[in-house]
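Chain A is already provided as a structure; the job is to place chain B on it using the hints.
Residue numbers (numbering that gives the first Met the number 0), protein chains in the order written: chain A, 0 to 319; chain B, 0 to 248.
FYI, nobody ran anything at the bench for these hints, they're computed from the structure. Hints are supplied without guarantee of correctness; some may be wrong.
Within a straight-line C-alpha distance of at most 20 Å, the following computed EDC-like cross-link-like pairs (lysine to aspartate or glutamate) qualify [as the list claims (entries may be wrong)]: (1) B/Lys6 <-> A/Asp96; (2) B/Lys91 <-> B/Glu169; (3) B/Lys91 <-> A/Glu85; (4) B/Lys88 <-> B/Asp243; (5) B/Lys6 <-> A/Glu85.
Derived list of chain A stretches under chain B, where covered just means 3 residues or more per stretch with a C-beta under 8 Å from a C-beta of chain B [as the list claims (entries may be wrong)]: (6) 69-76; (7) 102-110.
If you want a taste of the chain A side facing chain B, the calculated C-beta under 7 Å gives, among others [said to hold, decoys possible]: (8) Ala56; (9) Tyr82; (10) Pro88; (11) Asn265.
These figures come from a predicted structure and were not determined experimentally. We treat Cβ as the ideally placed atom computed from N, Cα and C, and that holds for glycine.
Here are the chains, one letter per residue:
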Amino acid sequence: MSLSAVIQVENLSRFYQNQPAIKNLSFSLNAGEVLGFLGPNGAGKSTTMQILTGNLAPSEGQVTINGFDIIESPREAKRQMGYLPEHPPIYREASVDEYLKYCAQLRRINKQSVSKAIDESKQQCGLTDVGQRLIGNLSKGYQQRVGIAQAIIHNPLVVVLDEPTVGLDPIQMRDIRRLIKTLGQDHSVILSTHILSEVQATCDRVQIIQKGELIYHSSIEALNLSQVPSVTIGLNHPPAIEQLKQIDRVTHVDAIDSHHFKLFFNGESPAQAIVQQSVQQQWELFELIPDQRSLEDLFIELTQDENSGGASVHAEEAGV
Amino acid sequence: MILTIAKREVSTLFLSPLAWIILAVVQVLLGYMFLAQIDNFFLLQPQLFQLENVPGVTDIVIAPLFSLAAIILLMIMPLITMRSIAEEKRNKTLTLLISSPISMTEIVLGKFLGLFFFVFILVSLLMLMPLSLFIGTTIDVGKLLSIYISMLLLLSSFAAIGLYLSSLTENQTIAAVGTFGALLMLWLIDWIGEALPNNHSVVSYLSPLQHHQSMLEGLFDTADVAYYLIFITVFLVLTIRQLDRERLL
Numbered sequence: 000m001s002l003s004a005v006i007q008v009e010n011l012s013r014f015y016q017n018q019p020a021i022k023n024l025s026f027s028l029n030a031g032e033v034l035g036f037l038g039p040n041g042a043g044k045s046t047t048m049q050i051l052t053g054n055l056a057p058s059e060g061q062v063t064i065n066g067f068d069i070i071e072s073p074r075e076a077k078r079q080m081g082y083l084p085e086h087p088p089i090y091r092e093a094s095v096d097e098y099l100k101y102c103a104q105l106r107r108i109n110k111q112s113v114s115k116a117i118d119e120s121k122q123q124c125g126l127t128d129v130g131q132r133l134i135g136n137l138s139k140g141y142q143q144r145v146g147i148a149q150a151i152i153h154n155p156l157v158v159v160l161d162e163p164t165v166g167l168d169p170i171q172m173r174d175i176r177r178l179i180k181t182l183g184q185d186h187s188v189i190l191s192t193h194i195l196s197e198v199q200a201t202c203d204r205v206q207i208i209q210k211g212e213l214i215y216h217s218s219i220e221a222l223n224l225s226q227v228p229s230v231t232i233g234l235n236h237p238p239a240i241e242q243l244k245q246i247d248r249v250t251h252v253d254a255i256d257s258h259h260f261k262l263f264f265n266g267e268s269p270a271q272a273i274v275q276q277s278v279q280q281q282w283e284l285f286e287l288i289p290d291q292r293s294l295e296d297l298f299i300e301l302t303q304d305e306n307s308g309g310a311s312v313h314a315e316e317a318g319v
Numbered sequence: 000m001i002l003t004i005a006k007r008e009v010s011t012l013f014l015s016p017l018a019w020i021i022l023a024v025v026q027v028l029l030g031y032m033f034l035a036q037i038d039n040f041f042l043l044q045p046q047l048f049q050l051e052n053v054p055g056v057t058d059i060v061i062a063p064l065f066s067l068a069a070i071i072l073l074m075i076m077p078l079i080t081m082r083s084i085a086e087e088k089r090n091k092t093l094t095l096l097i098s099s100p101i102s103m104t105e106i107v108l109g110k111f112l113g114l115f116f117f118v119f120i121l122v123s124l125l126m127l128m129p130l131s132l133f134i135g136t137t138i139d140v141g142k143l144l145s146i147y148i149s150m151l152l153l154l155s156s157f158a159a160i161g162l163y164l165s166s167l168t169e170n171q172t173i174a175a176v177g178t179f180g181a182l183l184m185l186w187l188i189d190w191i192g193e194a195l196p197n198n199h200s201v202v203s204y205l206s207p208l209q210h211h212q213s214m215l216e217g218l219f220d221t222a223d224v225a226y227y228l229i230f231i232t233v234f235l236v237l238t239i240r241q242l243d244r245e246r247l248l
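For reference, chain B alone in the conformation it holds in the complex:
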């Protein structure tokens, strides 16, 4: 049942040109950045020989690329999540789901799974870039895997916030702007935490981007994974509660 709703969600996404354009734009932007990073690597290469404990291609090219990708996608994810529930509300098609023998939890999980599938496609396509480096060099596969998982988790947590804000309104634009604001706030928290003289870690710890950064460095910590999973669960539960609450109003 969850799968049925997820399938519908994905096919609606890909029926509109929006999803395709987003995939294309992200590829072009990051493709350019990728090339710039490789150029950068060639410039640095002579100096690297003099260092001990040399950072590899994975650290110099791939990690910065996906650090940037996180910021670019922070601005783009709201466009993907905005219509998820808001559009169904506006078109009154949410009634179809609610009057079917399905629980709210299944509806929300289905919606989220659909968004996750999009995230999966997006990140997997981006991963082709670092994989292409295998042609000329060797890459730290463990680090690459850590980056891949981190991207999936980070974007899924963006999607969970987006889904929640989409359930609050009938208006897609409001959902998008709200999600964008919330994600920007989370990014700011990361900065603020670093700017604070002491106790900075607590504030930064709340930001998903902080956890992304440490996973990009190849530190695959279960605490980070747990953080993402809790983050996602909280927003999914909030979404379920919001939809349930609307029946009482």
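Just chain A, same shape as in the assembly:
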């Protein structure tokens, strides 16, 4: 085990009756890293998260958190861990302050530091104004924040978030993502999701899981570099495709329809050259979009190999 790995997962398997939910999963999470755990619904993401946090026992394999085995020394391991499950574990009849106080006590924060811990986590999650309100009366987005506040109140090494933005409106989603990003500065984070843009926006590294097996893992940077970049342009009076290929650095051109083209290029974006040419030759450029669909393409490509009908549906959701 490398010294900086805060979570080490080795050959993890889990069977429901004889049906495998995850098979032989091995990965590690380094200190200060945000790891995206990506997969279609039913791929085994939640199962993995539940095992990591001690809510399910693994059938085979081992999970160590900061050197502590989750089965053999659960108390030490869980102390290093904050967990937001799919359904935030909130008591609707408690106020935010009462609830967080209870969580702080459960996490064995000593008496003197409880109120400080509550204030800090409220501040981090933007809950300062709603401390007195009943959780049941808060909006879904705020309930989700309470769930996150609960997960970080004891300042754990690792925060595990299971689909934290499901069911939120776009603005709430953006806020939660921003929050996850700030969490990444002080904690290691595992983020499970089926929303691709979320991973692209918040994670350092991505793992794709399909039918219980890891089928891809890479850093987001490497992922972005490995893809051939492209831009999509729209022209009212398009020239011949040959002429578009003449533009600097463009290597290949695909016609999407009679007015839209996809230009693949090497190195820096040829946007400037495209605009100049368009003006000179009166192509009437009305649209120029740098493509950032690399992860989505990869996801669909990988998950559709298995010919599972569900994968394309999830990819559409992922476009949100």
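Positioned in the frame of chain A, the structure of chain B alone reads:
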């Protein structure tokens, strides 16, 4: 840590109207019975003088009252214990406890302690009735204490069964009906044992109500106390095992 969970349990109980209504209903029912028993005592009083070894107020008024209280609470305890774990399962808040650095044993003990506290309040309130008799007469304090302890132990053993059945399901109604059925069975065992021609004591001995009866008569036997403690421990261990087992399924 156990105390933290117990505190939460009690405050959840008293945040809902259910606990208050149960306390009120039990008080009203038993209050009426108490008055009826006192009336009864006045009727009997002239005849008592003729007896040797006269039974006192404690035997004539208080013991029958708490014998009845046991049956009434047998029907009411399931309503108190049903939500304990089942509700946490349904609302997915059990995850919060399990992913915190606490053992299953601490979780179950905390839950039980919370229920015990409710039982304590309930029985202590009921005890005010016999204590009010001090105004006009004298009461056998030793017997009263034996009755008090017996009520606490009896209701705690009901709570332990209720807690176990609540850990088996997500559905509060099923937990309540199951607990009610189990407690009724234990009551029946007491009857069956008495109806059997021989060896009846073995069957009756399994029923907590049998032990309650002998403690109501003022026979404070450590065997009875041990019986209750074993009974409670068995169901708490079963609850812990059940919750542990669910992680394996």
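Here is what the structure says about each hint:
With a CA separation close to 16 Å, the supplied pair B/Lys6 and A/Asp96 stays within the 20 Å bound. A C-alpha spacing of about 10 Å is found between B/Lys91 and B/Glu169, which places the hinted pair at or below 20 Å, so the restraint holds. For the hint linking B/Lys91 to A/Glu85, the alpha-carbon distance of about 9 Å falls within 20 Å, and the restraint holds. With a C-alpha separation of about 14 Å, the suggested pairing of B/Lys88 with B/Asp243 holds against the 20 Å cut-off.
Taking the CA atoms of B/Lys6 and A/Glu85, the gap is near 27 Å; set against the 20 Å cutoff, the hint is violated. Remark: the segment 69-76 of chain A is confirmed as covered by chain B, as 3 of its residues place a Cβ nearer than 8 Å to a Cβ of that chain, reaching the required three. Only when three residues or more bring their CB closer than 8 Å to a CB of chain B does the claim for the segment 102-110 of chain A stand; here the count is 5, and the claim holds. Of the supplied interface hints, the one on A/Ala56 holds, with its beta-carbon coming within about 5 Å of a beta-carbon of chain B, less than 7 Å.
At its closest, the beta carbon of A/Tyr82 sits 4 Å from a beta carbon of chain B; the interface hint therefore holds under the 7 Å criterion. For A/Pro88, the interface hint holds, the least distance from its beta-carbon to any beta-carbon of chain B being 4 Å, beneath 7 Å. Checking A/Asn265 against chain B: minimum C-beta separation of about 48 Å lies over 7 Å; hint violated.
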